[in-house]
Amino acid sequence: RKEVEQDPGPFNVPEGATVAFNCTYSNSASQSFFWYRQDCRKEPKLLMSVYSSGNEDGRFTAQLNRASQYISLLIRDSKLSDSATYLCVVNKGTGGSYIPTFGRGTSLIVHP
Amino acid sequence: EPEVTQTPSHQVTQMGQEVILRCVPISNHLYFYWYRQILGQKVEFLVSFYNNEISEKSEIFDDQFSVERPDGSNFTLKIRSTKLEDSAMYFCASSAQGGGQPQHFGDGTRLSIL
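Chains A and B supply the protein sequences, listed in that same order.
The first sequence lines up with residues 1 to 112 when you count with the numbering used here.
The second sequence lines up with residues 1 to 114 when you count with the numbering used here.
The hints are simulated quantities; they were obtained by calculation from the structure and are not laboratory data.
Treat the hints with care, as some may be off.
Partial pick of chain A residues on the chain B-facing surface, computed with a CB cut under 7 Å [what the hints assert, rightly or not]:
hint, residue
1, 11
2, 13
3, 17
4, 27
5, 43
6, 98
7, 100
8, 104
Idealized CB from N, CA, C, for every residue including glycine.
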């Protein structure tokens, strides 16, 4: 099983749709989790951290399920500008030393 | 908004040559990272750096690679004797804290080995 797995997509949705992505991880000792977005040939940009209690930032909601070892990202009311690749990042480690593992990303295309 | 800057944006080098990729992290950040992304593939962690020493490194970061913080602002990645398979986008990142805190990425250096 890969360390961090994502459905590559693409997810092709109309504007205004709600779309959800999952990301599974294999290492139960993983400590912190993030979603980044990456536009074509650009750098990853932090979208949000993922907390055990779940967190919401505007149209975006992230959830962590430690028992089943997955994180999710929900995007409501999709905009054309949400078209990008969404990267799941899982950190494993202790103290101040962590090793981040990226998923391959899920491609989202929002069309008019 | 402060940002991580990387130079050059594109580096073309003959196989076997040495390259140095440069990064200026966000000024009050203490933790620095290098990643690479081969075209069409995932972002891969290379190394993390804190307090003037390597904190963690991946299997990719072998003796061919080294990092340095030569002064108070720059953070460099040196690749000795480059190989064709080193062709990739190299991203530098920094964070204010360690412990798996969010990182801010530079816009990358595209390295092409001929």
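Against the structure, the hints come out as follows:
no.	hint	verdict
1	11	violated (18 Å)
2	13	violated (23 Å)
3	17	violated (26 Å)
4	27	violated (13 Å)
5	43	holds (4 Å)
6	98	holds (4 Å)
7	100	holds (5 Å)
8	104	holds (4 Å)
The structure fails hints 1, 2, 3 and 4 (numbered hints given earlier, in ascending order).
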